[in-house]
Structures are given as C-alpha cells and as structure tokens.
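Protein chains: 2
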Amino acid sequence: MEFLPGVFRFRFGQPENGTPSQQMYVKPPRREAMAELPHAEPPFDASQIKFTVSRRGCRLELPLTSGEDIYGLGLNLKSLRHTGKKRTLRVNSDPATDTGDSHAPAPLYFTTAGYGVLVDTARYASFYCGGNAHLNPKEETRAPEQGGVKLSEAELYALDSSASAPMVIDIPAAPGVDLYLFTGPALLDAVRRYVLFTGGGALPPEWGLGCWYRTCGASDAAQVLAMAKELRDKSIPCDVLGLEPGWQSKAYSCSFKWSPERFPQPDRTVAALNNMGYHVNLWEHLFTHPTSPIYRDLVPYSGDFKVWDGAVPDLTLAPASECFASYHARTFTSRGISSFKLDECDNSDFISSPWSFPECSQFPSGQDGETMHSMLGMLYMETIGRACRKSNIRTYGSVRNAHAFAPPQPFVLYSDLYDHAEFIRGVTTCGFSGMLWTPELRHAVSPEDYLRRLQAMVLSPQMLLNIWSMPHPPWRQLRRELNSAGEFYPEEEQLRLEKATRDILELRMRFLPYLYAAFAEYSFHGTPPFRALTMDVPDDPRLRDVDYAWMAGDRLLAVPFRAGMTELTVPLPEGDWYDFHTGEKYTGEVTLRPAPEELPILVKGSAVVPLAEPVPHITDGMKFKLRLKCFGDAPRPARLFADDGFSFAYENETPRWGEVRADGTLSPELAARYEVLP
Amino acid sequence: MEFLPGVFRFRFGQPENGTPSQQMYVKPPRREAMAELPHAEPPFDASQIKFTVSRRGCRLELPLTSGEDIYGLGLNLKSLRHTGKKRTLRVNSDPATDTGDSHAPAPLYFTTAGYGVLVDTARYASFYCGGNAHLNPKEETRAPEQGGVKLSEAELYALDSSASAPMVIDIPAAPGVDLYLFTGPALLDAVRRYVLFTGGGALPPEWGLGCWYRTCGASDAAQVLAMAKELRDKSIPCDVLGLEPGWQSKAYSCSFKWSPERFPQPDRTVAALNNMGYHVNLWEHLFTHPTSPIYRDLVPYSGDFKVWDGAVPDLTLAPASECFASYHARTFTSRGISSFKLDECDNSDFISSPWSFPECSQFPSGQDGETMHSMLGMLYMETIGRACRKSNIRTYGSVRNAHAFAPPQPFVLYSDLYDHAEFIRGVTTCGFSGMLWTPELRHAVSPEDYLRRLQAMVLSPQMLLNIWSMPHPPWRQLRRELNSAGEFYPEEEQLRLEKATRDILELRMRFLPYLYAAFAEYSFHGTPPFRALTMDVPDDPRLRDVDYAWMAGDRLLAVPFRAGMTELTVPLPEGDWYDFHTGEKYTGEVTLRPAPEELPILVKGSAVVPLAEPVPHITDGMKFKLRLKCFGDAPRPARLFADDGFSFAYENETPRWGEVRADGTLSPELAARYEVLP
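From first to last, the protein sequence lines are chains A and B.
Mapping to my numbering: the first sequence position 328 is 328, numbers consecutive.
Mapping to my numbering: the second sequence position 267 is 267, numbers consecutive.
Some hints here could point you the wrong way.
Part of the chain A face toward chain B, derived, beta carbon under 8 Å [as the list claims (entries may be wrong)]: (1) Ser-54; (2) Lys-86; (3) Ser-126; (4) Tyr-128; (5) Ala-133; (6) Gly-217; (7) Asp-304; (8) Cys-360; (9) Asp-368; (10) Ser-469.
Heads up, simulated DSS-like pairs for lysine-lysine below, C-alpha to C-alpha not over 27 Å straight-line [stated by the list, open to error]: (11) B:Lys-150 / A:Lys-229; (12) A:Lys-150 / B:Lys-257; (13) B:Lys-625 / B:Lys-229.
Calculated directly from the structure, the hints in this document are not laboratory data.
From the three backbone atoms N, C-alpha and C, an ideal C-beta is built for every residue, glycine too.
Here chain A stands alone, though its shape is the one from the complex (with noise of 0.2 Å):
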C-alpha cells in the first residue's frame, strides 16, 4: 500500500517489536516535500516479493534487473557498489575486509534502477546483491564443457554471469518484517523520499559546520585553554574544542562527572572557553561506571552485562533514557556545554581486547543485544539530543554507529580506522543511508599526508582535526613521541604548516554558507549535502565505481587526493565543468594534478559560487560577507538559506530561501545574514 507520497509499504509474516521504525521514527515525514517529487511507478509489486520465515528467521527475494547497480546498506569504507555480493549488517567498529561489518550498517538500499528498499529490522541481516542464481528443475541441460582450464583462484571462482539472480535477504530470528519501497524516478529521488520519510535531514547550527578541534585527553583545564589562546592567537578558525576522556573522573566506563583534579572548577573553565567564542564538546560513551551519580537509578534498567565495568542502559526505556538525558542536560548542555562525542556505541567483539556486550545479552525492555547494537547509537543520539533541546541547544555532534531513521540526526559518524582512501569512501557512501561521515584528521606520517587529508574534510560534514593524543598542534609536530616531548619541527617548517593549515580551514569558512544552504536542502527536501556521483548520474556507467569523489551541494565536485597521488583522471558527468582554482573548462573527463596545497574542486556547469570571508569562528546570528566566483558564460543564481544560524526558530518559520546572482544582487530573504562585497 502508498504509505506515503511515493512510499509503498508491505508486510510479511509478523513483524517483531523493537525494528528501526518503531523505536526511531520518530520525526514527522515532510508529507508536502514528498509530494512534490515527480511521481514515479514502484517497479514491482508486493505479488513479485518472495517471502519465506522459518524457525531460523525470514527470507525475502525481490526481483533485480540485468544491469542493475546496488548502493547503500549504511556506511561502508570497504566499497561503494554492492553488486553480486554478500553483506551481512554487522555492527563492527573494526571491518577488515568487505564484508558489510560496519560501525553504521543500514538495512537499506538504493539502486540504479531508481527506487530504494528499506528493510525495517534491526537484526543483522543479510543481503545477497544478486550473486546467487535459483536452481531451476526445468531448466534445459546446457551444452558447453570447458574449455581451457584455468590455473589461478581468481579464474576458477569467477562466475560467467548471473543476470537473473535475485536480491536476497535473510533476516535472524524475525518471523515477519515491513519492507518500505521508495520510488524515484530517478535514483536521487529515491534517496530523498527516504530522507524526507524519516523527518528530514539534520541541519546543523552554522558553528557545527566550522572547525573543530580535539584537544589532547591529558589536558587539564589550564592546558585545554592554552590551547584555546594558541588557536586564536594564531588566527587558526575553530568554533569547537572538544575535551578527550581525561576531563571525566572516570572513563572507560564513564562516571559523567568532570575530573578533580583535571577540571577543578569546570564553570569557569566551560565559561572561558565559552567567552573565546568555542562551542564545547566532552566526549563518552554510555557505559556507565559505578562511581557515577545515575549508576544506582540506571542500574534497575540496564543490560545483563557489563562493559568496561559499567552498566549498559537500555535507552528504549523511558526512565532510563530520561535519566540519561536530564542529567545531561542539568551537568552540562544548561551550563555551556553544546555538543557531545558518542564514542564505542558501536561493537568491537572481534579484536585482541574485545568490548562491548554480547548479541545474546538481555535487556530489560526485552531487547537483546544484537538489535540493541544495531540501535544504540541511534538511541543514545535521540536520548542526548533531548538533553540539547531541554536547554534549547541546536546541537551536532560525533557518533560512531548508526542505522535506519539516521537522517535528521545532528551528529556525524568517524572511526578509529585510518586509511586514507576508505575515509575518502566512506563520504561517497554516507549518503545513500542519509548518514553524516568525517575523514577526520587524528594523525599523519608526513606533512604530504597532513595536507591532503585536512583537504579532504574541506567539503565534508565536518572539519575535524582530532588531536586527542599529542598535547601540541600537528603543524607543531606530526611524530606524537616528539610532540609530546616538546620536540618541534625548525621554526620555518612551523610557519610552513601552521599557514598551510589557516588556508585549508579557512577554504572551509569560506564554504560555510554553501555547506550550509546544501544542509537546508537536505533538511527540507531531501538531497544528500555529500554524494557518490553515480547518485546524480546512475545511467552513465563510468561513474558507478566512484568512490574517490563527491558531489558537495548542487554545484560543487570534491577530489580528494591522498599523499603520494600526483595525478589523477576524472570521469565527468555530462555538461561542462569547471576548474575551481584556475576557471578552466571540461568535458567528459578532467586529468588533476594539484600542488601539495590544493584541493581538487570542480564547478558543475556555468554558476555562482559564493565564498565568505573566514572569521576565526561564527557568532550567532552575525552577517557573512561574501565574495562570488563566478564560473562560465551565464553563471546559475547560487542559493541561500538564511535563518539565524543556531535556534530552533527555522522549525517554525517560513524557510528563508534566497539567491546570490552574478551581479551581486541578493534575494531580500538573505540580506539579514549575508552581503556581497565588491
């Protein structure tokens, strides 16, 4: 049955308690935005579902066609196309190999066809992305036998072909499951209905989407502001230091309580850091150690096991999570504290020290602990972003799992992981589950490798340089034994990087009113801010691979480079592109040899691009000059969004909508937050 505009909803058997939809749904669906999509057929109907449900679980087959390309399932850093393989949705913070273990699997895909299907479970389920043909008894014996024979594991196991294998989905335990069908027509349709029926993407306050800064986890307060001064001093932007586990008394588990020693009067010093214009953010996790003053109320409503020594709250239940979320908001969010880091709220059984509660454990609510992985971060995002709200804090934060229902939640997912061209993946893949994913800088073997990764958060979700384990800035020194000896690099080779850095940083500030109008388009209509190319342009075949560049808003393409890459070829999706640094001109394909300093960007098409002039950090509500740079012959009006910034106030007013023409006119909708200078 239409669920919603374009949203087909069917059931099979009887779906148990606890899925995505019943616990995490839970903003509105933008009912006229969906509306608005152009309307589109679903490409099959209910009678061409297999569904079968065993002891064992539920098995769905769904019909693909030859040719068809599969993308999603959730954050993926191993690959971007799912085509013929298998994905098991295991939360895992440690993925080695392809395997659909992930910190933020989601039981949802998308593909080139133009439609989506999200599976409403959270079981670890199973996705066989047609590699497995069905037996057919009638089939006619086939005459060809072999021909050469083949000596390498690779020619032996290579299948001829399997067009008409279907989609399979094997769900544990589950003796029924909704499925939700979006419609396209075309495949960013799709995505956007998705994001549109789970509320919206989240639009994060305008300080959320300038630079952050962890600082080290043995800071203590004096430290934390020295290095707050330093920052200014140097005119490096930052709008948000984040403190490490050591300001807690205990962590690992969390006692929730600032440290004696460390923090002796954290008023004064959350005040001060205030004062200096940071946004603050503290890092946890919820396991919760018995030193902690909700210990004893959470007790009565957490997991049979331990993690860390400390008690899992089971977040489904409301005097558990409201717990959870007052004492947030009377500790922290009411006295200047904007924005957390969720950390471990993933799984890791798996390595040398594994952590984390076991998928058979149980949970008050009658949660187990597989689907209570698959939950937690989604809870413990609904549960802490309540905290923000009670103080009326437009917060965005850090996360490290996530799963269905994700979009219109403020906080951006990262990894202890550290390859560079996975972290560059995981922006390409984010976006087809409406998930947020940051290449964090945390270290860098070389100041090649520094620069490139600090580009590729440029057009990112968040400019992150997460510093926690070095007490000085890398441009002070990258090797962390000589950091933390106070052993710098030659003053020169300082400079060098420390500019190098304000320009990267401020290269973001600069984007910030492009990001943020791209986040105002996720939020109201659905489109992705970050997106795999193949998304805006599924019929072009060249472009299903992908996964080392993104489309950043409408106009903008991000090409990351890696240290070591010293040229690289593009394939361009259709029209003409620009270079953004030189204005160059481009058709079907771009060959990009960018200095150590440059960040490869491409301009779609003839188009504005406004830039502002970068402030060290925002103020709330302050006027952004902007300067354009104009691309082509009859450069496209760029738009704007313009409420004030950082209030709720935007959920209930009209959206403040307007363009920036080549000219330098302005709508009058913008003129309140945004000039053009001359």
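Using the hints, position chain B against chain A.
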C-alpha cells in the same frame, strides 16, 4: 546424565533436527577404551549451567575459573588460545581476521581445567570465552577512579580483568540444544574421550601417510604419465598422484566425467599409474553441472540455489547421497581410483567473486543453508567414504570443511590461504577438535621458503606437494611463469633442490611407521597424533601460546622453521629432551639454529625412535626395514602397529601392537611387517 564413561549429556529446551550428532554420529563410540581412561568428576553440574531461550535462539552460560584457558572450536589459523575472545563459528574459506571464521569451525572446546564441551549444533554459534562479565545489581560501588590518562586505543580498550566472566554461548535459531561434557582428569584425557566418543580417530592406509604430488591442472594423460615417470626416475618418493579440475569434462561446477580431450582412455591411464605404484586422487566438489550424468537424478534432491551453475545435492537425503556414492563407486573407486580431494565444501561469501549457496537456502530435507554449510564437509566425506568402502578401499583424502564428529573421517583439511605461520599454527589448533590439517606446499617465494614449507609437513598429517598451477616440478623452477615457460634454474641448482626435496620426502618415509602407530593410537585410544604442547602439559603457562611447535606421536616435538628465521628459543616441558639430529640434551628450553635443510625435531626423554629405510612408495603389506635411533641412557621402547596397512581387516581383528626395543628386538606381533636392521 552420564551418557558414556566420563561423558555427560545435558539437554536444554527442545533441540532441533539436523544437529551434528543426529547426522554425523556414524561410528559407534569406543566404549571400552573410554572406560579405561582415568575417572574424573565433572567440573560442574547441570544446575550451574544457565540456559535461556528466545525466538532469537538459545543462550548457554557455563562457569569458568580464574586462569582457565580455552582451546578448540575447530581449525583455527589465526589463534590457538581463545581465552577472553569472541569466536563465531562461521564457515568461511577466507578468514582475514581472528573471528572464528574457519574452513572447519566446530562447536567444541577444551580447557586447561581438564574438560571439554561439545555443543551439538550446526548453527553459526558464538562463543564468548570469558571476556564478558555480568552486571551485578548488588555489587558494591567500587572506589578506584581514573589514574593516569591513556593515550592509545590499546590502553583504553584493555579490560582490567574479568576472572568471574563465564563462557557464554549464543546459538541462533535453535529452541534448545544438547551439550556433551567430556571429563579429564587431564586435558588430554578429555580430548581422548571426545575422539573415542565419536568412534575413534581415522586410521589412514600406510600409503596415505606417504608422499603426495598434485599434478598441473592443465595436464593431459600423457603429461600426467610423464610426471609419474619423472618422479620414479628421480627417486622422489610418491604414493599418491592427484589430478586437478582438468581431468573433468566440466569443472566449476563438476560433470564428474573424464575429459574426452585430455583423458580419452581413463581406465588405461589409471591402470598405468597404478602399475607404477601410484594411488590416484581426483579433485572434485559436489556442485553438479547440468552435463553430469547424475544431474537429473540429483535435481529433485537439491537445494534451491545453484553454485557455479551447478545443483547442490542434499546429502542428508539417502537418494542423493546414495546416487552420488554409487556413481563414484561405479565410475571411479571400482576402476583404480582410491582417493578424492573434496574442494569448496566450505563457503566463500565475502570475496570479490563470492560463491556457494546463501545461508537462507532451503534444502528438500528441511535443512537450511546455514546448517548445510556447517555439515557439508562431513556429509561429503561420509558419502565419498561410502563409495570407497563399496570398492573395499580404505581411503585417505583431502577436504575443505569439517565440523564436530570429524575424528573418524580419513580426510585432511587444507586451505588456499598461504601464510606459513598460519599453516603451522593450524597443526597445533586442529588436534583440539580431532581434525587433521596439512600445511601443504603450493608454491614458494624462494628456495629457503620452499624447503621450510616442505619440512613443516614431515611430521604432519599429510606430506603434500600441490603443484596444480605449474607443469614442472618445483625443484626445477619455483616461479610459476618461468616454470610454465620451461625456464629452469641452472642444472646445479635444480640438482641441489631435487636432492633436498628427496631428502625431506625420504625423512617423511622414515617416520612413516612411527606416524602410522600414532594414528593407530588415535584410532584405538583417542590420542590425537599431532598436539599442541599445552594439550599434553596444560599446567605449564609457558606453553599455552606455543602455536609454532607440536607433539607428533608420543615422543617427537616438531619445531618447523619459516623462511627468514635463524634462531628460536622454545620452552620445553619438564624432563630431558634430545636433539633428534645431534643427540644433544636439553632441559627447560632450547635455542634452535637449524641449517636451511634441517627440520628441528626434539625427542622427549630417553627413547627409541624407529626409522624405516625409505622406499619410493608403499606396497600393500610390505615389510619395513627399521633402523633405530636411541636417545638417553635407558631408551623407552617404541610402540608400532602392524595390521596389513591397507585393508579394513584391522576393524575386526585384535589390534596388533608391539614394541621395538633399543636392543633391536621386536615383539612378535610386529614380525610380519617390520624387521630391525643391524
């Protein structure tokens, strides 16, 4: 309840159909041998085992004591000791990380406290081996808070200690399960009890313990015969020649028909090989191609998905199994074939060209793909073993999957993976599950690597040169491209490597009576022929992680070196140990520095080691000429076993055990098969 002497069975809930014991408990237990083992009280009783069941499956919790170390869970290439880890028994041929993924997982563990537990399930169960402690709501709030701040993930994630954490077993789907407890008192007694419970270990024919050579997959009959002749001409010991996929008219999937191009007169070819003293082994897998003569008969008894376009016969059903076995007897085992390589009965679902059937497949018997994957190797071995027995052939073969109840099956596990440390480790892990594993030679990156890899097999279940990808013997050229092009090493180097190969293979042949006796001990008394040191001496903490050396039989310790190693210090169990080559005595530990041509072997205590004069191949019922190596002051006699070495006669006669003494005398039971040379 005490099910068999020292074996207790506990039933929880209602076990499902198709468990390992229901399908593969095919040999009667060796009850008398079990009764002869020393008595031990069970370490816990049923009341101490916690059981819960839900639609998700069932959960068992068994007590563990502090310092108790966990071993087993099948073939494990990634680690020997499982304490504190999670292991999921997923059948997978490409385990990349230490998760429990394995060609041959088994729901069976043993601990240093001297007992074993078999969980009778074919599900992909997870074992949390003491790493997860329960939340105790009554626990005192613990005082200690954070000391120093940690600045690495390894430090952060390390758990203090969890002495009180249980073994938690998570079994999907099953509404209940039987659990078998094997008492000690010693760890080795518990392992023996398990092996005897399953019917006793496999006793290969003597020829199976000789040397194996797999010929190039592209070879035709003339080329195979030429290789057979070359091995004899060069006096390279070889008992079994293996033919790779090219012998079939169609492989991937299989026709089970001889290729009319490459093997136009198979009976004549096989007879010629037999006449040269070779046993012939045929590669196959069970996925049956439409052009196979048995395809039409198998289709009605096959799973609902194809693999490589072939049907997957449901070997739990008599019509399928009997069709398969009869065809093999009729076509192969009655016509000179005595051994098979059962490939790809595991599962490879996450590689770039994934293969095998989905875990949600449905089979006509009611089994699903998950349980079928667990049992596929066992069912396949049983079926092929039946074909051999129809032709009165006591076989020894190769297989890529096994599970519980593996001990009586005369098949050796192998892998496409090729890390030498992992290959060596496999020998140490396999014994805990009553499985056999060969660190086969496929190729080598250098002559040193080649010799080290050969040496590692001398005291292993199978001495196998798997030269399937090269037309010429490896001692002529190790690099595949050059070998294929006929570009060989200089004559002198060829001769050096040929001689070194011959020496190593002849060393294998010298140990053959000793190894055969170790297998007879396995068969009649349950002692695995190859054992991690810790299995024999669990109380010595220095030995618990020794995954690079193993006991072979009762008195030899093999310490294979890998390429690049020059020196290794090995902790030795209490008592005197002797260098096999020099006779030097060691206690406590030994530092080894073997020459590249030398496999380090240590002899336990003062002992006789009987060595056979090498022969190019075993002849049925032949008489072995022994030379004795004696170590220490009062060498313990060696036990040998003297059935005919090739038929099933031993099953119905009094076991013919006898002693070889340091003075060169023999027990009369041995006289027909052995003589001692002066």
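Hint-by-hint comparison with the structure:
no.	hint	result
1	Ser-54	7 Å, holds
2	Lys-86	5 Å, holds
3	Ser-126	7 Å, holds
4	Tyr-128	5 Å, holds
5	Ala-133	5 Å, holds
6	Gly-217	5 Å, holds
7	Asp-304	6 Å, holds
8	Cys-360	4 Å, holds
9	Asp-368	6 Å, holds
10	Ser-469	5 Å, holds
11	B:Lys-150 / A:Lys-229	25 Å, holds
12	A:Lys-150 / B:Lys-257	17 Å, holds
13	B:Lys-625 / B:Lys-229	25 Å, holds
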